[in-house]
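Number of protein chains: 2
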Amino acid sequence: MYNYLMDIHERRIKDLQESLKREKLDAVVVSRRLEQDFLTGYNMDGYTMLVSRHEAWAFLPKMLLDQFRSKVDFVTAVSPDNQLAAVAEKVKEAGLKKTVFEPETENYVRGKFWLGRGFAEKGGLTAGLRAVKRPEEAALIRKSCRIASAAFKIIKPRIKAGRTELSVSRELNDIMRGMGASGPSFDLIIAFGPNSALPHHTSSERRLKKNEAVLIDFGCVYNGYCSDITRTFFYGKPDPEFKKVYALVDAAQKAGLKTVRAGAKAAAVDKACRAVIADAGYGQYFIHGTGHGIGLEIHEAPWVNSKSKETLKAGMTATVEPGVYLYGKFGVRIEDSVLVTKTGCEILTK
Amino acid sequence: MYNYLMDIHERRIKDLQESLKREKLDAVVVSRRLEQDFLTGYNMDGYTMLVSRHEAWAFLPKMLLDQFRSKVDFVTAVSPDNQLAAVAEKVKEAGLKKTVFEPETENYVRGKFWLGRGFAEKGGLTAGLRAVKRPEEAALIRKSCRIASAAFKIIKPRIKAGRTELSVSRELNDIMRGMGASGPSFDLIIAFGPNSALPHHTSSERRLKKNEAVLIDFGCVYNGYCSDITRTFFYGKPDPEFKKVYALVDAAQKAGLKTVRAGAKAAAVDKACRAVIADAGYGQYFIHGTGHGIGLEIHEAPWVNSKSKETLKAGMTATVEPGVYLYGKFGVRIEDSVLVTKTGCEILTK
Chain A
1 MYNYLMDIHE RRIKDLQESL KREKLDAVVV SRRLEQDFLT GYNMDGYTML
51 VSRHEAWAFL PKMLLDQFRS KVDFVTAVSP DNQLAAVAEK VKEAGLKKTV
101 FEPETENYVR GKFWLGRGFA EKGGLTAGLR AVKRPEEAAL IRKSCRIASA
151 AFKIIKPRIK AGRTELSVSR ELNDIMRGMG ASGPSFDLII AFGPNSALPH
201 HTSSERRLKK NEAVLIDFGC VYNGYCSDIT RTFFYGKPDP EFKKVYALVD
251 AAQKAGLKTV RAGAKAAAVD KACRAVIADA GYGQYFIHGT GHGIGLEIHE
301 APWVNSKSKE TLKAGMTATV EPGVYLYGKF GVRIEDSVLV TKTGCEILTK
Chain B
1 MYNYLMDIHE RRIKDLQESL KREKLDAVVV SRRLEQDFLT GYNMDGYTML
51 VSRHEAWAFL PKMLLDQFRS KVDFVTAVSP DNQLAAVAEK VKEAGLKKTV
101 FEPETENYVR GKFWLGRGFA EKGGLTAGLR AVKRPEEAAL IRKSCRIASA
151 AFKIIKPRIK AGRTELSVSR ELNDIMRGMG ASGPSFDLII AFGPNSALPH
201 HTSSERRLKK NEAVLIDFGC VYNGYCSDIT RTFFYGKPDP EFKKVYALVD
251 AAQKAGLKTV RAGAKAAAVD KACRAVIADA GYGQYFIHGT GHGIGLEIHE
301 APWVNSKSKE TLKAGMTATV EPGVYLYGKF GVRIEDSVLV TKTGCEILTK
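The listed protein sequences correspond, in order, to chains A and B. Per our numbering, residue 1 is the first one in the first sequence, and the count goes up by one each step. Per our numbering, residue 1 is the first one in the second sequence, and the count goes up by one each step.
Here chain A stands alone, though its shape is the one from the complex:
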């Protein structure tokens, strides 16, 4: 709940209602906590929303009713005995013939229930609203990224031989919290030596030794918004292979960043990074997509990979993070979060 955003939520519901009109739909069920929070500012498990072209309802357990009403005055709140049946009843009563649910955010049991009541599938309605950030959202993501970048400058000189990955993880979290973050945006990946070759390594009690790679992939949540950044460096005197791979990944990331602008295909960013790495003969060691959107979720649209059909728009925020992983030896990943602009991008993690 961020009270200063309160009027923004009401506007988001109106945006969703505009989408319904555009798509010639009567109503949409919003089932997931994340989208509900986005539309109301009320962040709690266990309720269902229904949004029609002109109204919005919340169907809550009794225990949440007073709280919801005290925080959200632009949604009609009720607490029926049977939530799902009540939604279906409301749809019937209000004559909302073309009511849809979003398959990508629905669970199986509920989705099946909606289908049985004649609701149709329609993806991308709320995701569409969330992918392009309004300036006030971009500002929160920028701040979230600034905290992460500043924390890196503090933690880097403190990463020394003998420290465990988990101790660095804990300290980095404390630093970010001290700067205003509410917590980490995911389980921080602190990887020493050969662990850096595992893209999603789980931070452990492994201690850093002299002359090893250090890969740290981290971020925080600031007023609900996520940041994501990866830095790789060598602790000690880098060997020639590390230097070579680092320079390669760096060049790949720069090539990718150069292609980012409104109107570019997300797949083209992936292609640009991948080409640099493949041309150097390391293509088989770049074993993941190039990036993903960031926002209320750490992984969201747009998806920056070879299969992506998405076109970048000004206001989208995403990561560009190519990597090369030599199993048993070391890995290098360089990741920045960026804001897509008309002519290019703003790097948010500096």
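As the list makes no split between identical chains, a pair holds if one copy fits it or if it spans any two.
Simulated pairs of lysine-lysine, BS3-like, Cα-Cα distance not exceeding 25 Å:
hint, residue 1, residue 2
1, Lys62, Lys271
2, Lys112, Lys309
3, Lys307, Lys62
4, Lys112, Lys97
5, Lys98, Lys112
6, Lys329, Lys71
7, Lys122, Lys112
8, Lys313, Lys122
Since the hints were derived computationally from the structure, they do not count as laboratory data.
Since chain A is already given, all that's left is putting chain B on it; use the hints.
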């Protein structure tokens, strides 16, 4: 990943395979991170498991393959281009005619895909394994509860006029982390004055004043296992109404705890609590169920409410938490986590 539990995971897969045999099924898809972690100890988003009577497979993105293999040697790991198609292909190739998925842990898009491939719905297989805790799991939950109880003793005298709910939340988290917790088991509910009448209040910058109710609902995660406890007290000189309601909720909770034992119906525990509160004329202010199971999730089976069909078994862990909420004034909830035994229960939060 808790290495000392590693052999336990393999045993859990064998338990699941026994369930398949008992239910005359050939295989089950395990889709959700939580159940996958329970079965393998590998806790990561983005993969799918298939468990047949004699084998287990994991279908992973390329970037996770080396890591999975290095940690889990009792599951066959592959990284196909299309995970879902590969699962369906394996089912066909291995002749697993009666393959099921669990509707309660599946998302809509995947569930629909499985249905299209001829898999059937079958709930409760993994939940059945998880609801009754083995001694080593009970020990971790006991420790998690001990940390929460001990933290309450430290924080209580520090809750004073002028402090904000969020500052208490942060300090309580720090205390629990200092005692070995990896983090909170949910967003701690610290509620001062009238906020205590909102069962799921979101902790805020509200400051405590003299002569107000204080309700704190909290818990931690210890080696993956959750604890849950609520304490309510009056800061200052309690007025007669608070005293009366507190005594009532206390009596209700004691009545509920008395009914807990292996063989009792979960609904009977709810009924016992509810009767005490209803008899005193406060029935309409007890606006939630009496409790829920705890374990790897903060809310899991068994469900302790009036609609529950479950029978308690020795080794289950659950909460007993009646409450009375007077909107605009104050609320009282008293919650303990218990371990069900043959003859009664062990109160884990002392």
